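Can you make the complete structure from the sequences, with help from the hints?
Line order of the protein sequences matches chains A and B. Just so we're aligned, residue 1288 is where the first sequence starts under this note's numbering, counting upward by one. Just so we're aligned, residue 165 is where the second sequence starts under this note's numbering, counting upward by one.
Simulated from the structure, these hints should not be mistaken for laboratory data. No experiment lies behind these values; they were computed from the predicted model shown. Quick reminder that beta carbons are idealized off the backbone N, C-alpha and C, glycines included. Any given hint might turn out to be false.
When the alpha-carbon atoms are kept at most 35 Å apart in a straight line, the in silico DSBU-like pairs for lysine-lysine are as follows [claimed, not checked]:
id : chain 1 : residue 1 : chain 2 : residue 2
1  : A       : LYS1384   : A       : LYS1320
2  : B       : LYS426    : A       : LYS1320
3  : B       : LYS426    : A       : LYS1384
Distance ranges between label pairs, derived from CB positions [claimed, not checked]:
id : chain 1 : residue 1 : chain 2 : residue 2 : range
4  : A       : THR1451   : B       : ASN356    : 22 to 28 Å
5  : A       : LEU1470   : B       : ALA447    : 28 to 34 Å
6  : A       : GLY1551   : B       : VAL463    : 52 to 58 Å
7  : A       : THR1414   : B       : GLU345    : 35 to 41 Å
8  : B       : ASP346    : A       : GLN1293   : 53 to 59 Å
9  : A       : GLN1293   : B       : TYR308    : 48 to 54 Å
10 : A       : PRO1529   : B       : ALA447    : 37 to 43 Å
11 : A       : GLU1467   : B       : ILE297    : 32 to 38 Å
12 : A       : GLY1445   : B       : ILE240    : 55 to 61 Å
13 : A       : PHE1549   : B       : ARG169    : 55 to 61 Å
14 : B       : VAL463    : A       : GLY1445   : 49 to 55 Å
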Amino acid sequence: MTAFVQQMVLGLLIGGLYGLAAAGLSLVFGVLKVLNVAHGQLIMLGGYGAFWLFALAGFDPFASLVLVVPGALAFGAVLYWALFGWVVRATEEARVKNSLLIGFGLALALDALAVRLWTADERSITTTYAGAVVSVGGIAIPLVRLASLVLAGALIGGVHLLLTRTRWGRAVRATAEDWEAALMTGIDIRRAYLLAFAIGTALAGAAGTLVSVGYSVSPSIGLEWTLKALVVVVLAGLGSMPGTFVGGLVLGLAEALAAWGFGGPYREMVGLVLFFVVLVARPHGLFAR
Amino acid sequence: MTRRRWLALGVVVVAALAAVPRVASTDSVLNFLFLVLLSITLAQSWNIVAGYAGQVNLGHAAFFGLGALTTRALWIAGTPVLLAMGAGALVATAFALVIGAAAFRLRGAYFAIGTLALGEILRITAGNVLPEISTLPAATIARYRLADRYYLALALAVVTLGVVATLARSRAGLGMQAIREDEEAAEASGVNALGLKLLALALSTALAGLAGGLFAYYHISYYPSHPFGPHWTFDALLITFIGGVGTLHGPVLGAIFYVFLKEYLAVRWVDFHLLIFGALFIAIVLLLPGGLVEAARHVRALGGRKAS
Chain A
1288 MTAFVQQMVL
1298 GLLIGGLYGL
1308 AAAGLSLVFG
1318 VLKVLNVAHG
1328 QLIMLGGYGA
1338 FWLFALAGFD
1348 PFASLVLVVP
1358 GALAFGAVLY
1368 WALFGWVVRA
1378 TEEARVKNSL
1388 LIGFGLALAL
1398 DALAVRLWTA
1408 DERSITTTYA
1418 GAVVSVGGIA
1428 IPLVRLASLV
1438 LAGALIGGVH
1448 LLLTRTRWGR
1458 AVRATAEDWE
1468 AALMTGIDIR
1478 RAYLLAFAIG
1488 TALAGAAGTL
1498 VSVGYSVSPS
1508 IGLEWTLKAL
1518 VVVVLAGLGS
1528 MPGTFVGGLV
1538 LGLAEALAAW
1548 GFGGPYREMV
1558 GLVLFFVVLV
1568 ARPHGLFAR
Chain B
165 MTRRRWLALG
175 VVVVAALAAV
185 PRVASTDSVL
195 NFLFLVLLSI
205 TLAQSWNIVA
215 GYAGQVNLGH
225 AAFFGLGALT
235 TRALWIAGTP
245 VLLAMGAGAL
255 VATAFALVIG
265 AAAFRLRGAY
275 FAIGTLALGE
285 ILRITAGNVL
295 PEISTLPAAT
305 IARYRLADRY
315 YLALALAVVT
325 LGVVATLARS
335 RAGLGMQAIR
345 EDEEAAEASG
355 VNALGLKLLA
365 LALSTALAGL
375 AGGLFAYYHI
385 SYYPSHPFGP
395 HWTFDALLIT
405 FIGGVGTLHG
415 PVLGAIFYVF
425 LKEYLAVRWV
435 DFHLLIFGAL
445 FIAIVLLLPG
455 GLVEAARHVR
465 ALGGRKAS
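Here is the structure:
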């Protein structure tokens, strides 16, 4: 029983990161109607950012969020300006297809670049407090992962507030809802697109940082994280940040259950199978109107 | 060039390729050409669904893998290799039709990510069920002749190009291209969209299954999950787009270019070709949607203006 609860707790803890990974993808997909399949690679880059800040300059990984997040925000703006900004000019159907292809090319290039620059080794940040655990009734909770879960929730909450309570956030949501109507009410939709894409990338950077502390990064983790984020987006549907967070927790729990029931190798399968079934049953997402 | 001239050129090229094993002094030439031919088959098979019917299938490796798995098992058990490859193609197609009926409910990006997930499901399952490396029995290795694999690859590439050439000019092929341009409009003018998409998928996966069978026949040892790896899909996609999506000669040009650069760069830098191809691919999607084929047309048009 304790072992079972332990598994579920670990599942919940990683689920928070799934939610954070999906939040950025969901925002970009929902607002720009652009599917960035290189989202996992952006997470990978964020992870390396935090790793090198720690390895070379001795930055605490949680503190380095202060540098990684703005860095990712700027990187997202550059990516939008150089690549995805061209795609949003096309019709909606061509937009999705072209963004898919561009994201795919970007993913390949970033993977290869990461191997060139940093080798294929797996890396993770080991701080002095890395091994610390809180024990609750025989259940060990790694402190670093707990902190990551809380931070992931806080970041998603922050973006949620940004989107619902600020003028710019409302402009972004209006653009997501109906860009033509938004345009007619005088909203600068290009700026809304840029903002959404940059925030989406910043969320990926934050997710990457947390992945590099509690887990590990290597050049090949991109596709895996893109798939996790896609699964959560399909489960949770578009348009709600808290919903995405909950979707992440659900995936984390489902994976833990699968690993418990069928063994570790099937952990990856459950999300993908869930994903395919939901996708086919509800082709436009679980909560599509 | 007229169609007859293309055909004549094709016959000359195939005849020249058929003579290579008699004159090649080392195996490296044959291995290189084998990879080009396998890439042509795989890319062209992907091109049927993506280029002609307009559906981006990101799970193509699943069908390549199923073909490899089936062929390898039957062939090692003593079935003649051609028969085993046929069975591999059959398994791949059967699976595709079962899955396709569901997957084609998805449109655009959802179809792409749905098939991506599907490919990964199969890869992980193959890795879980068959974790051991598959190696040919010693007796088979002793009889191994590279030229046999090479001729088979040549034949398969020719068959694939023949299928696509015939399809492109057929009524069904035209219907597929109509779906690619606008599915609703195509249906409104009497095209059976689901039926044609399934036909495209069946042809595409049968050829991918055969290509997988060829892979299983060629390699002495590999992990059974390897041919299910997503890079097989990505190779096909890159080759097709860089060459020219939805054309007959695009994937051929793309495959030559891709394999050449890959082998050339791999001597010094592992995986460096992916950086170049990734960047090139983005540039092509943004600036030159017709790929090398379109670039060649532009160059010819320029040359023609100068000449006149």
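Output the numbers, in ascending order, of every earlier hint that fails for this structure.
-> 4, 7 and 11
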